[in-house]
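For the record, the sequence lines run as chains A and B. Position 117, counted from 1, in the first sequence is what the working numbering calls 117; the numbers after and before it change by one each time, with no gaps. Position 31, counted from 1, in the second sequence is what the working numbering calls 1031; the numbers after and before it change by one each time, with no gaps.
Since the hints were derived computationally from the structure, they do not count as laboratory data. All C-beta atoms in this analysis are idealised placements derived from N, C-alpha and C, irrespective of residue type, glycine included. Among the hints, erroneous ones may be present.
[What the hints assert, rightly or not] Only pairs whose alpha carbons sit at most 30 angstroms apart, straight line, appear in this in silico BS3-like list of lysine-lysine: (1) B:K1011 - A:K113; (2) A:K110 - B:K1071; (3) B:K1057 - A:K110; (4) B:K1057 - A:K73.
[Claimed, not checked] According to the in silico footprint, chain A covers these stretches of chain B (three or more CB under 8 angstroms from chain A): (5) 1036-1044; (6) 1074-1085.
Each chain, letter by letter, is given below.
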Amino acid sequence: AQTVTQSQPEMSVQEAETVTLSCTYDTSESDYYLFWYKQPPSRQMILVIRQEAYKQQNATENRFSVNFQKAAKSFSLKISDSQLGDAAMYFCAYRRGNSGAGSYQLTFGKGTKLSVIP
Amino acid sequence: DTGVSQNPRHKITKRGQNVTFRCDPISEHNRLYWYRQTLGQGPEFLTYFQNEAQLEKSRLLSDRFSAERPKGSFSTLEIQRTEQGDSAMYLCASSLGLNTEAFFGQGTRLTVV
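Chain A on its own, in the form it takes in the complex (with noise of 0.2 angstroms):
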């Protein structure tokens, strides 16, 4: 089965400066996506990045990017000049590629409730 594991609950940051999220995974599958989505305390869940694991280019929307490491199995999401409404809590999220049962459901990891000080 796979895994997904968010080591830090909590992480700060000061506005305008970086912060790095961890996420690593466990999958024996060789197809498949990860994601991370962020959940403001008005609890509706918002798709922040989503990386395919046969490109080898980290993916980066904006002030968000990747840094994907598929022989680690380690998914980090960068956030660049913090800004207030990117406290939320984020999920770093699984799912297996395009075959076979299974290939739909999103695994989660426990998340990790992201501060920004001002």
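Using the hints, position chain B against chain A.
Positioned in the frame of chain A, the structure of chain B alone reads:
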């Protein structure tokens, strides 16, 4: 509002009672997912629909739980004979295809007393 809509937002029920939640996905999204999120945990997959067909159920979905998606539109999740351990946030998500973004609703928070 064209996002995923869940009702009610909050539900308090006595142990042993039945509850039903509703999820209205984004229009034309043929895939619908239910997740459960307990305090301090990430969401856990419960079940998945493609159109009206329920294609996968997690082992978390005991026989007290039933989900439907008649006509491939809205979905309902019913919990019979609720237990305190059922207290959680129940999240619904929908997507247009397998490789497209899943959009989540705001969830229904269930408290069993």
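| Hint numbers not upheld by this structure, sorted from lowest to highest | Hint check: 2 and 6 fail, others pass.
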